[in-house]
Structures are given as C-alpha cells and as structure tokens.
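There are 2 protein chains.
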Amino acid sequence: MLSEFDLIKQYFVRPAAGRATLGIGDDCALLTPAPGMQTAISSDMLVEGRHFFAGEDAQRLGHKSLAVNLSDLAAMGARPVAFTLALALPAAERSWLEGFSRGLFALADAHGCELIGGDTTKGPLNICITVFGEVAPGRALRRSAAVAGDDVWVSGTLGDARLALAGYRNEPVFGPGAGLAPEALAAAGTRMHTPTPRVALGVLLAERGLAHAAIDISDGLVGDLGHILEKSGVGATLNADALPAGPVLASQPRALRRAFTAAGGDDYEICFTAPPASREAIAAAAADSGTPVTRIGRIDPAPGLRWTDADGAALALELASFDHFSH
Amino acid sequence: MLSEFDLIKQYFVRPAAGRATLGIGDDCALLTPAPGMQTAISSDMLVEGRHFFAGEDAQRLGHKSLAVNLSDLAAMGARPVAFTLALALPAAERSWLEGFSRGLFALADAHGCELIGGDTTKGPLNICITVFGEVAPGRALRRSAAVAGDDVWVSGTLGDARLALAGYRNEPVFGPGAGLAPEALAAAGTRMHTPTPRVALGVLLAERGLAHAAIDISDGLVGDLGHILEKSGVGATLNADALPAGPVLASQPRALRRAFTAAGGDDYEICFTAPPASREAIAAAAADSGTPVTRIGRIDPAPGLRWTDADGAALALELASFDHFSH
Chain A
0 MLSEFDLIKQ
10 YFVRPAAGRA
20 TLGIGDDCAL
30 LTPAPGMQTA
40 ISSDMLVEGR
50 HFFAGEDAQR
60 LGHKSLAVNL
70 SDLAAMGARP
80 VAFTLALALP
90 AAERSWLEGF
100 SRGLFALADA
110 HGCELIGGDT
120 TKGPLNICIT
130 VFGEVAPGRA
140 LRRSAAVAGD
150 DVWVSGTLGD
160 ARLALAGYRN
170 EPVFGPGAGL
180 APEALAAAGT
190 RMHTPTPRVA
200 LGVLLAERGL
210 AHAAIDISDG
220 LVGDLGHILE
230 KSGVGATLNA
240 DALPAGPVLA
250 SQPRALRRAF
260 TAAGGDDYEI
270 CFTAPPASRE
280 AIAAAAADSG
290 TPVTRIGRID
300 PAPGLRWTDA
310 DGAALALELA
320 SFDHFSH
Chain B
0 MLSEFDLIKQ
10 YFVRPAAGRA
20 TLGIGDDCAL
30 LTPAPGMQTA
40 ISSDMLVEGR
50 HFFAGEDAQR
60 LGHKSLAVNL
70 SDLAAMGARP
80 VAFTLALALP
90 AAERSWLEGF
100 SRGLFALADA
110 HGCELIGGDT
120 TKGPLNICIT
130 VFGEVAPGRA
140 LRRSAAVAGD
150 DVWVSGTLGD
160 ARLALAGYRN
170 EPVFGPGAGL
180 APEALAAAGT
190 RMHTPTPRVA
200 LGVLLAERGL
210 AHAAIDISDG
220 LVGDLGHILE
230 KSGVGATLNA
240 DALPAGPVLA
250 SQPRALRRAF
260 TAAGGDDYEI
270 CFTAPPASRE
280 AIAAAAADSG
290 TPVTRIGRID
300 PAPGLRWTDA
310 DGAALALELA
320 SFDHFSH
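Protein chains in written order, with numbering that gives the first Met the number 0: chain A, 0 to 326; chain B, 0 to 326.
Just so you know, these hints were derived from the structure itself, not from any lab.
Among these hints, one or two may not hold up.
Identical copies look the same in the list; a pair holds intra-copy or inter-copy alike.
What the hints assert, rightly or not - Straight-line distance between alpha carbons at most 30 Å, and here's what the computed DSBU-like set of lysine-lysine pairs gives:
#: 1; residue 1: K8; residue 2: K121
#: 2; residue 1: K121; residue 2: K230
#: 3; residue 1: K8; residue 2: K230
Here the structure is a predicted model, which means the values were calculated and not measured.
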C-alpha cells in the first residue's frame, strides 16, 4: 500500500548526482566538499500566513522557498551546491506536491543545486530549506566588511513585491480612489511570488574580489543595510531618489516610491559595498551576469543612516523595516 | 526597542568557534571542512502534537530536537560538527526560550556540535534542525551495505518510549485493571522525552570498520531494519525474545514486550549489521563507548523478515511500524 509518506517521497527522490556521494534515502546525505573550499550554509523557514498567503499556488511556492535560500548564498558570493527540504503538510495532495516539486526543481536545476535529503511530516504547512554553497577562503562577502568611502550598490529593482502586498491587502497607500490596475498588480505580484536570486552576480563579485560587504534584501533595504552598518561599525548616506524602483512602483507617487524602495521587503536583491576603484569592474560583472546594478550612496565613518534627495539636499525620512513578528 | 525577534536571538547567538569560520549573524554560516573528509547531513522537522505533546517541557524538547538529528549522524558513523536551527514559535516567551536553549546546548556541547545559523519566525510550533557531521570516505555506514551472513545488532534497549506513549494515551494494551504505576511511567517517559543518541558507538563502528550497514531506530525496529533489507537486497531472521527491552517494558507480559521492542518507535538506538568475525571487536567498541549492544539475529540471502523464539522455533508475528501519517 502506498502511504501518504511514500506519495510525498515520489515527488522528491531523484538519483544522487553532482557533489553528493549519497542522496535521499539514508540516515544522512553525504557531500564531498571541493578541496580547499569553504561551505556556506543558510536555513530559512517559510510559514503559511506569514511568508506567503494561505492557498498560495504550489509551483510558485516551490520556487520561492528555494529562491530565498539561494539569495542568501548569492549575498555571500557562494556557488550553490545542494539543499535539504523539510516539509510539514496538512495533507499529501498529489496536485500540490506535483506543483511544488515542479517549481522547486526548475529553480534548483537552473542553479545546479541538488536536493540531497530532508524530512516530511504532517502538520501546519511549513517549509524549511537548508542550502549549501561553496566559496574560496577569504572570498565570502561578509556583513562586517564595509569600509568608509565604499560605494553602496543594489542589484535589480526594489519595492514591487511590497507594492503587491499593499495591493493584495488593500492598504490605504494609494490615495482616495486610486489603486493598482489588475494587470499592474499581477506584474508587481510576480516579483513577490517568484523572486530572482542574484546568484550569478554574487558569485562574480566574490570570485573577482570586487565587493567588500554584502547582504540580501529580504526585510527591506534600510533594515538589511543597517546590519552591514552595525557589523562594520560605519554609517551611510543614501540618495533616496537613486533607489531603483520596480517597473510598477516606478509610476507611483514619489513618497510611495521612496517608502517602498527603502523599506519594502521581499525584494531578494543584493545590497553590497565596494571601493570606488571597482566601479568599472562592477559594471562588467553586472553585464556578465545579466544583472542590473545601481549605485545608491556611500559608506561614511560616522554611524547612522542619512538621506539626500537627487540634488544632494538632506532629507528626513522615517522608514521602518519589515519584522516578521511585528506584522 | 527589543523586538520579539531580538529576544529569540539572545538565547541562541554564541560566538563562532570550532569548525565554523563564521556563525550566526550573516547571510550564511561558513564551515571549513576537514581536509579529505565527507560531510554527512541530516534534517529533521518536529511538529507539536505529532512528534511531541502540546505543552511539552521546553528543556526536554530542546534536547530531543537535537538528539534525533545526532542519532542520524550516529547511524552513519559520522562525528558531529555543527547544526542549524529553524524555529517557528506562536510567541516568544522568555521561560520557554530559556528552557529550550538550555536543553539544546547541553546536548550540543556534550557532542562538540556548534549552532552556526538558522531562522526564527512566528507560526505554529515547529522545530527544524539540520545537522552536519564528518566521516572519512568509504567509512560511512550505509543502509545498502548489509551482507548475507551478517549478524544483526541493536544498541541499548527498545520499547520504553513506546510504552510511555501507551501509558500517556491510556491505550488498552495493559489488560483490564492493569497499567503503569506513576513511577514506571515516569521512567519510561524519560526514554521518550530525552533519548540518548548513540554517537560514540556509531563513530567507533565506522572508524574501526566493524559494521556493514546501520540505521537509527526512530520508527520501530521492524520498519527501520526493513529499510536496510530493502536497500541491501537481503532478508533477516530475528529472535523475538532476544530483543533488549527497556527496563520498564521488561517487566510487562511477553506479547507486549515483543510488540513494543519490535515495532515501537522513538527509540533512537542504532540497528547495525556486521560480519560474525567482528563480534569481539564490537564488544570492545561497545565497552569503549559505554553503549550496551545485543545480537538479535542474522542477515539471510532470502528477502523478508522471519522471526523465531528463544528456542529457534519459527514465530508468526504481525507487527506494523510507526508512520507519522497513519497515527
């Protein structure tokens, strides 16, 4: 008899390959590390109703669950190797499992990242992925490595995921009578549901030794850059109008654009710092990885975060970051 | 302001040490693998109401959450190095966090296993630990390595955890008027709540090349040995009366003893197979690791599991294994 437990396994067990000597189906998976390389490890837990809506499309969820972990590797400059998946499900539904595994493996295969083990159990929907990457010693992009005088850069665009959330929740941010057209909401929603981890860019920044510090933007630029500033013992001045807004957010009023680019969340872009001498090489890495990058400010010796407008005039912005416990 | 998020971190962040170049507090942890060693990886997810009772004591839960993962390393013969913890909590309660982290770190420190990263979020209580160990190439104890003629061994004792579950749930297994005295239930419960991962034994079996196949007994001996038989393409004959019963179960009637030693669950002992020529060396490894072992049968060329009694007479036992989805 095929138990629910067996059913789940059907969708996830594939033969061991790549760096895995032994994959799913033993007490442990066995990985053979590349000689001389360090292993970068990150673990993220996604909970229904907090990180995604109840009833979220399974395929998109499979993509996003791995994407947020790959984004952590990207921010470290580590090349993805493998991951484990622990999954609690209220019930084992074929269509859900089929969709989830399709979304998951499409992204995994695109990055050569192998599922090597995990766990499945019955329970409130919860997805916990732990991802493994490799990086040469001394090359990892740490939060603590920003230096006064560095440029501050960000990959891609910011804020469309946060804009989609506002749209879905009918937040009163659009002004009376205003709002997002259905096609605009759908476009912004794509950024929220299927983020693009910036793995190729992160790996090039590390391998070519171009960047100092980096972090992935999951809780909003202000909060995440704040971790770099704190760990590095520095401050920063950002140009609020240089922050690259997502295509949907870009046509919104300036106040909303500033708020959602600076403190949105769910962006999964990389914020990194690099010496001004790296500017041309960074543009080359951006081109080679097919990832747009934008220079948004500089690292200062004085602690704290300061803002200017496009003309360099000081701005007083009050922006809170996303906290999974306060929303 | 100290958010709940910060509160949780307080209990888990300790400075990086040991094999970790970089621990909690960056996008990824960084581990430097020992040269030439393989990395063994296992991930387990524990859900309230399924793997432990609602309201379970936090300190015991901290212990058990890591113990079940260390048990997977033990069954592979891998030496623990580090782990990540992803935790979903309905609320951040100081007393719970204090107890959980105390139980977790007591066991982690006893095994030199370092917490290097993870995630915390709000949600239905869910604990996902991914553990990393190291083992020399070719030394890992795989499920697929059993050979006809091998002895079948089991560490420690079996069934007390299952007996405790029966007691807590008032299952009608004790006969009319019978049952467990409170002190007996408490003693059996200790096995359920604070299992002992057999790490030292597993590591010696692997390092000394004594065992062929191994598995940890989490779902019951029959089911777990069944994985070895299936993966190795062999069968086994076990002596039902040789199965080592836990001290509380040992004084129960024979039928219950046989049922709960053979198909209990939550034992976290190791079942392993080894050539008869290893018997003396296995006794030495057991003594060196302070872990009792018992020989319970042999591996046969013919598929399937057969039972005898203490006199070698064939027995017809019908025993189901624990399935997290069927209970």
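Here is what the structure says about each hint:
{"no.": "1", "hint": "K8 to K121", "in the structure": "both (13 Å within a copy, 27 Å between copies)"}
{"no.": "2", "hint": "K121 to K230", "in the structure": "between (39 Å within a copy, 25 Å between copies)"}
{"no.": "3", "hint": "K8 to K230", "in the structure": "between (42 Å within a copy, 16 Å between copies)"}
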